[in-house]
Amino acid sequence: MSVRVGVVVFPGTNCEHDTLAALERAGATATLVWHSEERLEGLDAVVLPGGFAHGDYLRPGALARFSPVMGVVARFAAAGGPVLGICNGFQVLTEAGLLPGALVKNRGLRFLCAPARLRVTSARSVLTCDVEEGTELEIPVNHFSGSYVCDARTLAELRDAERVVLRYVENPNGSIDDIAGVTNAQGNVVGLMPHPERASHALLGSTDGMPLLRALVRAAAGVHAA
Amino acid sequence: MSVPASVEEPQPEALTRTEPQPQPQALTRPEPQPQALTRPQAQPQSQGLQHDPQLLHRSLGLTDEELGRIVRILGRHPNELELALYGVMWSEHCSYKSSRLHLRRLPTTGDRVLVGPGENAAVIDAGDGIAVAIRIESHNHPSAIEPHQGAATGVGGILRDIFAMGARPLAVMDPLFFGPLDDARQRWLVEGVVSGVSSYGNSVGVPTVGGELTFDPCYGGNPLVNVLCIGALPVERLVLGRASGTGNLAVLLGATTGRDGIGGVSVLASAGFGGGGEGGGGEGGGHDAKRPNVQVGDPFEEKRLIEACLALLDAGLVVGIQDLGGAGLACATSEIAARGGVGMDIDVSAVPRREPGMAAWEVMTSESQERMLAIVTPETWPAVEELCRRWEVRASVIGTVTDDAPHDVLEAATQGSGPFKISGRLRIREGDVVVGDVPASSLADDAPMYDRPIRAPAGLVKHRADDPTASEGRGDCAADLLAMLRDPSWIYRQYDHQLFLNTVVGPGGDAALLRLAGPGVPPSERGVAVTTDSAPRWCAIDPRMGVALVLAEAIANLACVGAVPAAVVDCLNFGNPEHPEVMWQLSETVDGLADACRALELPVIGGNVSLYNESTGEDILPTPVLGVVGLVERLRHRPPPVALPEGSSVVLLGSRRAAGDRPYPLGGSRWAVECRGRRHGVLPTLDYEAHLRLTGFVGSLVAGTVAGGETAVERDRPLDRLLDGVHDVSGGGLAVALAEMALAGGVGCHVAGVQGHKELFTELPSRILLTTTRSDELCSRAAASGVPAEVIGVAGGDRFFVDELVDISIVELARAWEGSLATRMTTRLERA
Amino acid sequence: MRFAARVEVRLRPGIADPEGVTIERALPALGFDDVCEVRAGRCFRFEVDAADGAMARRRAEDLAHRLLTNPVIERSEVELIALAPVGEH
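So the sequence lines, in the order shown, correspond to chains C, L and A.
Quick note: the first sequence uses our numbering, first residue 1, plus one each step.
Quick note: the second sequence uses our numbering, first residue 1001, plus one each step.
Quick note: the third sequence uses our numbering, first residue 2001, plus one each step.
Think of the hints as simulated: they come from the structure by calculation, not from any bench.
A hint or two may mislead.
Unchecked claim - Label-pair restraints from in silico Cβ distances: (1) C:Ala152 <-> A:Arg2039: 18 to 24 Å; (2) C:Leu109 <-> L:Val1235: 42 to 48 Å; (3) A:Ala2004 <-> L:Ser1349: 27 to 33 Å; (4) A:Val2038 <-> L:Arg1104: 54 to 60 Å; (5) L:Ser1809 <-> C:Thr31: 53 to 59 Å; (6) L:Arg1354 <-> C:Val169: 46 to 52 Å.
Unchecked claim - Okay, the calculated bits of chain L under chain C, using three or more residues with CB under 8 Å as the criterion: (7) 1492–1498; (8) 1629–1642.
What the hints assert, rightly or not - To spell it out: a stretch of chain C is covered by chain L in this simulated footprint if at least three of its residues, at any positions, have a beta carbon under 8 Å from a beta carbon of chain L; those stretches are: (9) 55–68; (10) 196–208.
Virtual Cβ for every residue (Gly too), placed ideally from N, Cα, C.
Please put together the full structure from these sequences, using the hints given.
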């Protein structure tokens, strides 16, 4: 049986179908999970996709973290299940406290949709475990609030534990330490602002997102087997 | 009948006096201010209904003759509510009363057309069970008042037109027109409009994949914000805005109803309120009183509304559906009833409000955003309610479909002078009290149609003689080229242009090329291409030829991405129709478009007319914007880029010179207008046969590239690598086309044999640049197709070199390109 | 009693505030060279039913802390005004 990945849909989420398609290209069987779900049975990984959950009103992710599904996502993560937050999904994970730090408005105070060059700076996560450190990837960003911030102590912790998994080669949004993606201490919860699903097909100009998504699916297969 | 249905287009001359905004204003409004909602009521009553009852119709934008027509239709004097309904529905904006007569001349039929003009959006058959819905609209005047919300609600409105057809909105394009950027107010407008499109479009989840950007002083007081949207649907989900089935329920979906935008369409979109637009009447305060409450968009509400409506349609729970745009419920209820030939009974007290104390006429004419009207059967209502609850979309039964023909009024009508169409009655109740009762179709279809005076402008002959081709000297070609370069990425980087993983060629290319795919759309390998084009500088010289050249350019753009053109939509932005010269421009444009469409075998399947675009009595240049949609059979590979790959030959396809004594005409060119201030002269002409040969040849070459091979082995690599770059020659001529190719890849070129500045800058149509490493093969294949082809140079190096004309470094080119927009917009705060 | 609450949310000191900085940078050109230390934030208003002011403040602070503020980057100040008894305002 193939690996099953749930893609969570909040009202206002808009990248769910794209993410689902890319995960299937990466070999998973992906299903949409409505935000009111209180169970995640039979899933080997969970992805919180991009979009504007609850319109991004108040703060991106601030209302979504109160959805029933987030309680189960937290338990799933605590049990070691792979959880990935892409863009708005990353914002939700930080609001929910599953990842440290926060994402604030871009330095330029404007929305930015553009290709970004990233460097894989740590392979210690479910998203980067199959990619060699130092590898450069071209994956688009698409956000208004993508500037990662955290306090000095958190930053030191992230660095020491090699939990910064992706950095921008050219920082597009003012993120501290060029951070594009971070993971939790166990490496099973990852958030990143760039959209790997948008670099999943040669027609779209880049397939650099695929090694990341395939790594996630492989990590989920490990959970599946166990 | 080529009249599109509902439109968003409040208001003319209020704006014409807003113009000299003090600079600091721009700075004090970085955020959209929904002040309309909190501001002490903009006296809704006094906007019309407290006037002298004898003159009430005038303050609602109706003439005495129009009132007479209403009295004949009803067989009695209308009450205030009814008058308000006619006021909004018979406005220029909703009824096209000045343009309808002319629009009839456009060809609207074709093999692929499933739904032509008159519905919420037009629909074509794209094959494989997929239909494509398309619509274009203007939101000019709202954007001039409040650029962020004006542009945002423009996007919201057009999306509703698309999903009202059962289509999932897949992409938006936004042609924008402003005054020059050295004016702080223009920068404020650009910033606001772009942020409005960005915040609404991105958040609602529809990519903005292209557009256009034009600067001209004529738009300084009256910017144009047009928006085009395409959507896709399985053919069987196609639904029309028609009510049917006596006893069926009229259900209002989405946002609550407030006083937003009341009177926008009538009082402000039609001339005549308070005495004309020539600066007479009240300044200042008077202007403020006319300003409609600004509508505020809520993309999150719209996103849920899209999902709920498409889910309702998928579940087969909807009989007919219609969006609420200009003129709100008045328009939606009368149009959906009129199209279905039924009556409707509406209870305004069942409409959920966001403000207390609203009168029935306010509820009926409110333009609150993010609302839809669905007709459902009583049996399915519980399922509808349930589904809407899941998407957190409000759903309220506000009326029923009826079959009562309005006999009494009909009789009066048929006895009277009008050949009025028989239809059901639109009865409006407030609880048990009937507050209005009119034939539905009289609102939707029986508006007067005007044959306004037409007169060619006085200086026409003299202006044509004033041609820059012979009389303007060469000057500094490099400087002229640099002045015309403009990188639009400052704008499109603010738009999500990639959502749905469909965008193969996005903004910045010749045309947007998308996979024709989306949630709920049948799987296929098809692609759809869209372009929007305009050239007001051409249309100002000769609207008839100008619009034909615009259409030709659009088709060339589609050819560059391998698409076969399928249909046209038009957004006709013009000045004051009471100026006979403006009506001449409109009439000439329609004729030019009709001729060109016939010659190129394309139907005009929908459109929008925006009139009264003027400021301080000056009309804008005639600005028809064309949206052309094209189809690609099989999209497996990316088309050749706009690029100059190192070592490739640069081949110019198409005739290099025009016949006659003006081989390189410069009249109407960007070079003449922008670099030399010469706005008159004669346009190049168009050889339709030659144009079709050229675009057919390039289109099929590129289509071969994107399709790839037939066999499984060949499938993953392009079959025909003959081309490695392609770009059409348009505004700015050969110089700008070559420069854009050089800039895209940072590679220079060495071009020779260009006949002086005239050939460098002429905008002679029907020319496309290709790059290839097999130029002999390309030229002989072109010759076999009857297309002239010539190698004009070679790509490579770090200099942009055109023998004897231009020799500059790519770095310098890039500096001018990138600086023109981004630098000026980014530094706005420091400079103001 | 019903109390009106006003919650002002601002970025914590040390968190970059590009909005505030941009506004401040524009001020000299407008003749406001005497203005400094501009900070952007947001303000929420709501009403709360409570037995007394202390209880109302606790509820408002709780709401501000749990939802309106992201403590990683923001802090808030709550201000309270008593209104008329419920139903009479």
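Against the structure, the hints come out as follows:
Judged by the Cβ atoms, the range 18 to 24 Å given for Ala152 of chain C and Arg2039 of chain A holds: they are separated by roughly 21 Å. Between Leu109 of chain C and Val1235 of chain L the C-beta distance comes to about 44 Å, which sits within the given range of 42 to 48 Å. Roughly 31 Å separates the CB atoms of Ala2004 of chain A and Ser1349 of chain L, a value that falls within the hinted 27 to 33 Å. For the pair Val2038 of chain A and Arg1104 of chain L, the supplied restraint of 54 to 60 Å holds, since their beta-carbon distance comes to about 58 Å.
Judged by the Cβ atoms, the range 53 to 59 Å given for Ser1809 of chain L and Thr31 of chain C holds: they are separated by roughly 55 Å. A C-beta distance of roughly 48 Å is found between Arg1354 of chain L and Val169 of chain C, which places it inside the suggested range of 46 to 52 Å. Here the segment 1492–1498 of chain L counts 7 residues with a CB under 8 Å from a CB of chain C, which clears the bar of 3, and the coverage holds. Counting residues of the segment 1629–1642 of chain L whose C-beta sits closer than 8 Å to any C-beta of chain C gives 4, which meets the bar of three, so the coverage hint holds.
Only when three residues or more bring their CB closer than 8 Å to a CB of chain L does the claim for the segment 55–68 of chain C stand; here the count is 3, and the claim holds. Coverage of the segment 196–208 of chain C by chain L holds. Counting CB-CB distances below 8 Å, 8 residues qualify, and the rule asks for three or more.
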